[in-house]
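**Student:** One-letter residues, chain by chain:
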Amino acid sequence: MLEAQHLIKRFFGATVVDDVSLAVRRGEIVGYLGPNGSGKTTTVRMLTGLLETTSGSVRFEGRDIAENPIAFRRHLGYVPEEPHLYPFLSGKEHLELVGRLRDMPAAPLERKIGALLELFGLSAAAEQSIGSYSKGMKQKILIIAALLHDPDVVIFDEPDSGLDVTTILVLRHLVRTLADRGKAILYSSHVLEVVERLCTRVVVLHRGRAVADDSVAGLRDLMATRSLEEVFAQLVLREDPERTARDIADVLTVHA
Amino acid sequence: MRERLLTRHFQQRFLDNDLISPHADRHETLAVAGAALVTSGLFVSVLLSMKYLFRPFQSPGWTAVVALDDRLLLITWSMVVMALVAVATWDALALDSRDTEILGPLPIPRFVVIKAKVRAVVIFAAGFAFALNLAPSVLHPLLMVAKLPIGLLATIWLIGVHAGMTLFAGASGFLVVLAIRELLSVFVRGSWFRRVSLGVQAVLVVGSAASVFLAPALSSRVGQWLASGTPNPFWFPPVWFLGLYEMLAGSTIFRLSRNGLPPQVMRSEDQFTNAYESLRMLFHQLGVVAIVVITAVAVVAVVAYAWNSRQLPVRTATRRTTRHRLRDRLVGIATRFIVRHPVAQAGFFFTLQCLVRSTPHRLATATSAAVGIAVATVSLRGVNLRDPIGATSSVAFLALQTVFIVALVVGFRHAIRVPADLRASLTFHLAWSGRERQYLSGVKRAALIALILPTVLTLFPLHLLLLGWQRALAHLVFGVLFGSLLLELLLLGFRKLPFASAYVPGGSLKSMISIYALALLALVYGVASIEQFALSDTSGMVIAVAVLAMALFCVAAVDSRRRREATTPTESDEFPDSETQRLDLAG
Numbered sequence: 001m002l003e004a005q006h007l008i009k010r011f012f013g014a015t016v017v018d019d020v021s022l023a024v025r026r027g028e029i030v031g032y033l034g035p036n037g038s039g040k041t042t043t044v045r046m047l048t049g050l051l052e053t054t055s056g057s058v059r060f061e062g063r064d065i066a067e068n069p070i071a072f073r074r075h076l077g078y079v080p081e082e083p084h085l086y087p088f089l090s091g092k093e094h095l096e097l098v099g100r101l102r103d104m105p106a107a108p109l110e111r112k113i114g115a116l117l118e119l120f121g122l123s124a125a126a127e128q129s130i131g132s133y134s135k136g137m138k139q140k141i142l143i144i145a146a147l148l149h150d151p152d153v154v155i156f157d158e159p160d161s162g163l164d165v166t167t168i169l170v171l172r173h174l175v176r177t178l179a180d181r182g183k184a185i186l187y188s189s190h191v192l193e194v195v196e197r198l199c200t201r202v203v204v205l206h207r208g209r210a211v212a213d214d215s216v217a218g219l220r221d222l223m224a225t226r227s228l229e230e231v232f233a234q235l236v237l238r239e240d241p242e243r244t245a246r247d248i249a250d251v252l253t254v255h256a
Numbered sequence: 001m002r003e004r005l006l007t008r009h010f011q012q013r014f015l016d017n018d019l020i021s022p023h024a025d026r027h028e029t030l031a032v033a034g035a036a037l038v039t040s041g042l043f044v045s046v047l048l049s050m051k052y053l054f055r056p057f058q059s060p061g062w063t064a065v066v067a068l069d070d071r072l073l074l075i076t077w078s079m080v081v082m083a084l085v086a087v088a089t090w091d092a093l094a095l096d097s098r099d100t101e102i103l104g105p106l107p108i109p110r111f112v113v114i115k116a117k118v119r120a121v122v123i124f125a126a127g128f129a130f131a132l133n134l135a136p137s138v139l140h141p142l143l144m145v146a147k148l149p150i151g152l153l154a155t156i157w158l159i160g161v162h163a164g165m166t167l168f169a170g171a172s173g174f175l176v177v178l179a180i181r182e183l184l185s186v187f188v189r190g191s192w193f194r195r196v197s198l199g200v201q202a203v204l205v206v207g208s209a210a211s212v213f214l215a216p217a218l219s220s221r222v223g224q225w226l227a228s229g230t231p232n233p234f235w236f237p238p239v240w241f242l243g244l245y246e247m248l249a250g251s252t253i254f255r256l257s258r259n260g261l262p263p264q265v266m267r268s269e270d271q272f273t274n275a276y277e278s279l280r281m282l283f284h285q286l287g288v289v290a291i292v293v294i295t296a297v298a299v300v301a302v303v304a305y306a307w308n309s310r311q312l313p314v315r316t317a318t319r320r321t322t323r324h325r326l327r328d329r330l331v332g333i334a335t336r337f338i339v340r341h342p343v344a345q346a347g348f349f350f351t352l353q354c355l356v357r358s359t360p361h362r363l364a365t366a367t368s369a370a371v372g373i374a375v376a377t378v379s380l381r382g383v384n385l386r387d388p389i390g391a392t393s394s395v396a397f398l399a400l401q402t403v404f405i406v407a408l409v410v411g412f413r414h415a416i417r418v419p420a421d422l423r424a425s426l427t428f429h430l431a432w433s434g435r436e437r438q439y440l441s442g443v444k445r446a447a448l449i450a451l452i453l454p455t456v457l458t459l460f461p462l463h464l465l466l467l468g469w470q471r472a473l474a475h476l477v478f479g480v481l482f483g484s485l486l487l488e489l490l491l492l493g494f495r496k497l498p499f500a501s502a503y504v505p506g507g508s509l510k511s512m513i514s515i516y517a518l519a520l521l522a523l524v525y526g527v528a529s530i531e532q533f534a535l536s537d538t539s540g541m542v543i544a545v546a547v548l549a550m551a552l553f554c555v556a557a558v559d560s561r562r563r564r565e566a567t568t569p570t571e572s573d574e575f576p577d578s579e580t581q582r583l584d585l586a587g
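Chains as they are written, first to last, in the numbering used here: chain A, 1 to 256; chain B, 1 to 587.
No lab work stands behind these hints, which were simulated from the structure alone.
A few of these clues could be false.
[As the list claims (entries may be wrong)] One-sided and incomplete, this derived list gives chain B residues near chain A with beta-carbon spacing under 8 Å:
id	residue
1	Ala-346
2	Phe-350
3	Ser-358
4	Asp-421
5	Leu-426
6	Leu-430
7	Ala-431
8	Arg-435
9	Ser-536
[As the list claims (entries may be wrong)] Derived CB-CB ranges, DEER-like:
id	chain 1	residue 1	chain 2	residue 2	range
10	B	Arg-110	A	Arg-74	51 to 61 Å
11	B	Ala-566	A	Leu-119	32 to 42 Å
12	B	Ala-566	A	Gly-114	33 to 43 Å
13	A	Arg-226	B	His-429	37 to 47 Å
14	A	Gly-182	B	Gly-34	57 to 67 Å
15	B	Arg-2	A	Asp-247	22 to 32 Å
[Stated by the list, open to error] Just a sample of chain B residues kept apart from chain A, beta carbon distances all over 12 Å, derived:
id	residue
16	Val-44
17	Arg-110
18	Phe-187
19	Phe-236
20	Ala-472
21	Ile-530
No experiment lies behind these values; they were computed from the predicted model shown.
The beta carbon of each residue, even a glycine, is placed where N, CA and C say it ideally should be.
Working from the sequences, and respecting the hints, build out all of it.
**Tutor:** In structure tokens:
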């Protein structure tokens, strides 16, 4: 359904994403893992069409999304990493704006927004300005806005940051349910445990390059490890985390 | 060291602007603003000094009386511009919850943070005041006395007093705004402060921007005005500083030797000398008022600032949990009768929300209204509204409605270029359906509802009273059609996302502003003249309205066709001009 072919992105000569290819098929949840600065968000922004590629292409249903990005975005739901919303709008007004921009008819839109705000526990705060929302509340608004038009492809970029435990659990079930209903889902996260439980396939990114692309079980077998955390450690970590932690504590003590 | 670092951090806050294009250089904007201030001071000084340089026999009495106009203009200019600067940096004048979040966890004593903030505010205000007043302080006294028999020390004294008084007036303008803000913060706490202060800020913008434009009108024939005492000069704060100025430096010119002046010049010189002499007591009284008031304002500002600094501010949430039945009903009416297409509804409601709730857009609208008030006040000076026949036959009276419409629509055209929140524009990039025509139609209808209709309806009672119901109604319809046509014309080639595109401040405006201003004035009076002619009989009214409606229909149709046929997508970013530009002279 959504396919990235040989994506490369350079900023002022520095290669941030280097020849990354991946595919997300209907009903599939692809986990996208990588340490900070590995190029995850840059790839995600290229997949959504928000960022131009230096080379390579992103295809949706076989067509390059650059040919008609607006048509592609009608099928796309995207939960960005940072909750940047208009602080002077209320949560409800923001969702109305998104729905109207997406050309959704008024009556069903109103009903959908009401129901989703209720289900996400935001109906009491629906009329409050977003400026007064907590990070978790803003994140919920972003999730509702991404799903409002029932998209075929959903890209989550760190969707659980700031969310409470209950909402994280709901979100996990929601992602699985959406996949069961035929949506293609790319789930970018730092939380290995979530990706291990949720995703059918995992792509691991390191220094801009995809260093692994397989099912969780396949990766575990390949690397002869028991968990995704160990797979990740072997693929990405170049130093012993315990030792690094000890070194940090030592620096703090020595320079105190 | 730590305090200096904090001061620099707070100074940066005055330059922070989350709205402009990421491609624009913030320092370039600052440099352009600084250069504009200095060059405008140079230009005004030289312009004002022409009358002294080209006078065949310049005499001390004449100079003393005529210089009152220039001095009042420069004092008023300094005072209101500094007030405007304080209003524009309203939120950066004191510590806010963001400072608390960043600096609160650090082991820095509160008084160090506050001291650094105060230093940053003082340095910023002083820098601005110096840039504003430096050129006039040196040039104006020098050129004024160039042909008078005056010594070096006396000239230096004049320059010093001029600099001191304009800076003093500027400081008082800044301090008044600061005192208002801090007093508001003392009496109105929490989320209510945010709401009330936005309203107060808008009122102050309208007041100070209108004063900037009204300053030249206030500073004309000051000697005659002060001698007549009507209107009471004590009501005008800049005149207090003029009094202080004359108390300190008035006699420096006035007492110069009159030897060698021809007899015919001496005759008028005696009159000027007597006129100036008669005002000296008044200058003294005004000067005392200036000292008392500025001291009181400074004390109030400092005490209120200190009171509010007892603890670092914390973030307060705005709670709005109740549904507004009236608002829901109005939304229902709008979606049923004004904007039916969902994308047009998005444009319509987002425009209204930005104009009402977004700070930069409220300020843009307030400034436009201020320009309208200033131009209208100046143009109505010669119109006697108590004489209906005389008033209604004047072009200036009919131009009143057009002035406000032009000011507000031009201001709106600027406001839509400014993003409400650049980072939140992602919402548009993701959800944009490409229906530019529908979205823009919603934006235009919102401008009609929020700006044009309130203007014509507010002025309607006055027109009804003076023009009679038939002509008042025709004038109202004319105003609505003209406003809509102007809106269509100004948005004809506009291909950006209103309120959601990055923008580069200034652009070509810095070189074209005076031409635009003249063109708009010509437009206002041209339209008013046509209207005056058309309103003389019924057939004229019908023809004028029909022609306007036809023009509106044609422009809207052209715009609609262009947008339908556009092959390039709607722009969401604005880039600064290239450093090297091609003139394409070779064709």
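**Student:** Look at each hint and say if it fits the structure.
**Tutor:** Okay, the hints, checked on the actual structure:
Proximity of Ala-346(B) to chain A holds as hinted, the smallest CB-CB distance being about 4 Å (cut-off 8 Å). Interface restraint check: Phe-350(B) against chain A, minimum CB-CB distance 6 Å, threshold 8 Å, status holds. For Ser-358(B), the interface hint holds, since its Cβ comes within 8 Å of a Cβ in chain A; the closest pair sits about 6 Å apart. Because the closest C-beta pair between Asp-421(B) and chain A is about 5 Å apart, less than 8 Å, the hint holds.
At its closest, the beta carbon of Leu-426(B) sits 6 Å from a beta carbon of chain A; the interface hint therefore holds under the 8 Å criterion. Interface restraint check for Leu-430(B): the shortest CB-CB distance to chain A comes to about 6 Å, inside 8 Å, so the restraint holds. Because the smallest distance between the Cβ of Ala-431(B) and any Cβ of chain A comes to about 4 Å, under 8 Å, the interface hint for this residue holds. Proximity of Arg-435(B) to chain A holds as hinted, the smallest CB-CB distance being about 7 Å (cut-off 8 Å).
For Ser-536(B), the interface hint is violated, the least distance from its beta-carbon to any beta-carbon of chain A being 46 Å, above 8 Å. A beta carbon spacing of about 53 Å between Arg-110(B) and Arg-74(A) agrees with the range 51 to 61 Å that was offered as a hint. Checked against the hint of 32 to 42 Å, the C-beta distance between Ala-566(B) and Leu-119(A) comes to roughly 40 Å, which is consistent with it. As the Cβ distance of Ala-566(B) to Gly-114(A) is approximately 36 Å, the hint placing it in 33 to 43 Å holds.
Look at Arg-226(A) against His-429(B): about 42 Å separates their beta carbons, and that is inside 37 to 47 Å. At about 60 Å, the CB distance of Gly-182(A) to Gly-34(B) agrees with the hint of 57 to 67 Å. As the Cβ distance of Arg-2(B) to Asp-247(A) is approximately 29 Å, the hint placing it in 22 to 32 Å holds. Against the 12 Å criterion, Val-44(B) stays outside the reach of chain A, whose nearest CB is about 39 Å from its own CB.
For Arg-110(B), the non-interface assignment is confirmed: its Cβ lies about 25 Å from the closest Cβ of chain A, beyond the 12 Å cut-off. For Phe-187(B), the non-interface assignment is confirmed: its Cβ lies about 22 Å from the closest Cβ of chain A, beyond the 12 Å cut-off. Separation of Phe-236(B) from chain A is adequate, the least Cβ-Cβ distance of about 37 Å exceeding the 12 Å criterion. No Cβ of chain A comes within 12 Å of the Cβ of Ala-472(B); the nearest lies about 37 Å off, and the non-interface call holds.
Distance check for Ile-530(B) against chain A: the nearest CB is about 39 Å away, which clears 12 Å, and the non-interface claim stands.
Going through the hint list in order, the structure does not satisfy hint 9, though it satisfies all others.
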